[in-house]
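S.K.: So the sequence lines, in the order shown, correspond to chains A and B.
Letter by letter, the first sequence follows residues 3 to 172 in the numbering used here.
Letter by letter, the second sequence follows residues 1197 to 1339 in the numbering used here.
In short, the hints are calculated from the structure, not lab data.
The structure presented is a predicted model; accordingly, all values stated were derived computationally and were not measured.
Certain hints may be false.
[Said to hold, decoys possible] So, partial list: chain A residues that the calculated Cβ filter (under 10 Å) puts toward chain B:
1. Val40
2. Gly52
3. Leu57
4. Ala61
5. Trp77
6. Val125
7. Ser135
8. Phe139
9. Thr141
10. Glu144
11. Ala151
12. Leu158
13. Leu159
14. Arg160
The beta-carbon is built from N, C-alpha and C at its ideal position, and this holds for glycine as well.
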Amino acid sequence: MAVLTVGVAIQRNLFSVVVLSGIYSFLMATVLVALDAVDVAMTEASVGAGVSTVLLLGALYLCGGEEAKPLHRPWPPLLIALVIVGALVYGTLGLPAFSDPQAPIHVVVAPRYLQQALQETGVPNVVTAVLASYRGFDTLGEVTVVFTAGAGVIALLRRRRRREPPGEAR
Amino acid sequence: MKGFLILRIIAKLLIPYILIFALYVQFHGDFGPGGGFQAGVIAAAAIMLYGLVFGLPSARRLVPDAVVETMVGLGVLIYAGVGVAGLLLGGNYLDYFVLHRDPVAGQLRGIFWVEVGVAVTVNGVMLKIFYMFAGRRRRDRPS
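Next comes chain A alone, as it looks inside the complex (with noise of 0.2 Å):
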């Protein structure tokens, strides 16, 4: 994955570098696999290497396949990107191990919903209960930005097309 990712940043043909995100997708999928988050794979491997592949590559269709030439230099953003990298990496030091089972998180509330999911909800995939019914609000807000976003482009995208035909005629 960091040899696709260095691959993402070198290539300057866009058709690779989206054929090579959708690898690092279904890279990333099989990983979510290994770690037993089988949802969030199955979300990745079908929005990220499969939809937003063909979204991609329909931009890529309109606004043509060779990356411009970087405008300025790229050591500020570099350091920028280093150091922002640095904290991220500092951060991680304080969180507690890998698959610690005294970490916060294993001990204040999934217990509860490995246990009780079951006999509360009937349901015996805990992601789907958590996430519709315990966390219902979470998941109508979540729903609510997908329309938000789905609205956006199409009040975006459908004014534009209203306005191209004058800008033909001219």
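Add chain B to chain A, keeping to what the hints say.
M.R.: Below, chain B alone, put in the same frame as chain A:
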């Protein structure tokens, strides 16, 4: 891409199975992995494949824009409607226990309709974005 015989036949073979898999993920999401979001995306992917292979106009004929735009809003309304139904039956907003005499069956029913709402909205939005992007033409080369 209408001329490619192999692509057309493979797509025709695959699309029914993709749609059935979407339905499976939707209705089996209580027991296995998956749920509304994944099902909506997979169903949208099937129709995108159809649109890619057979051309956007035939995909638009299959699932017209009006249907897609209705779906975008309808899913949120279904989700919010489950909440209002719980409110009307005497519970809190998004309380599923009151949807059936048996609280567990009420939970199942609530989760089912909520997942349907998620799937409908996600499917609608994905398809709408696809239509929007694929329907635009390049300015320099109107084809």
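S.K.: Now tell me, hint by hint, if it's right for this structure.
M.R.: Here's how the hints hold up against the structure:
no.	hint	in the structure
1	Val40	holds (4 Å)
2	Gly52	holds (5 Å)
3	Leu57	holds (6 Å)
4	Ala61	holds (6 Å)
5	Trp77	violated (35 Å)
6	Val125	holds (5 Å)
7	Ser135	holds (6 Å)
8	Phe139	holds (6 Å)
9	Thr141	holds (7 Å)
10	Glu144	holds (8 Å)
11	Ala151	holds (6 Å)
12	Leu158	holds (9 Å)
13	Leu159	holds (4 Å)
14	Arg160	holds (8 Å)
Going down the numbered hints, you'll see the structure goes against just number 5.
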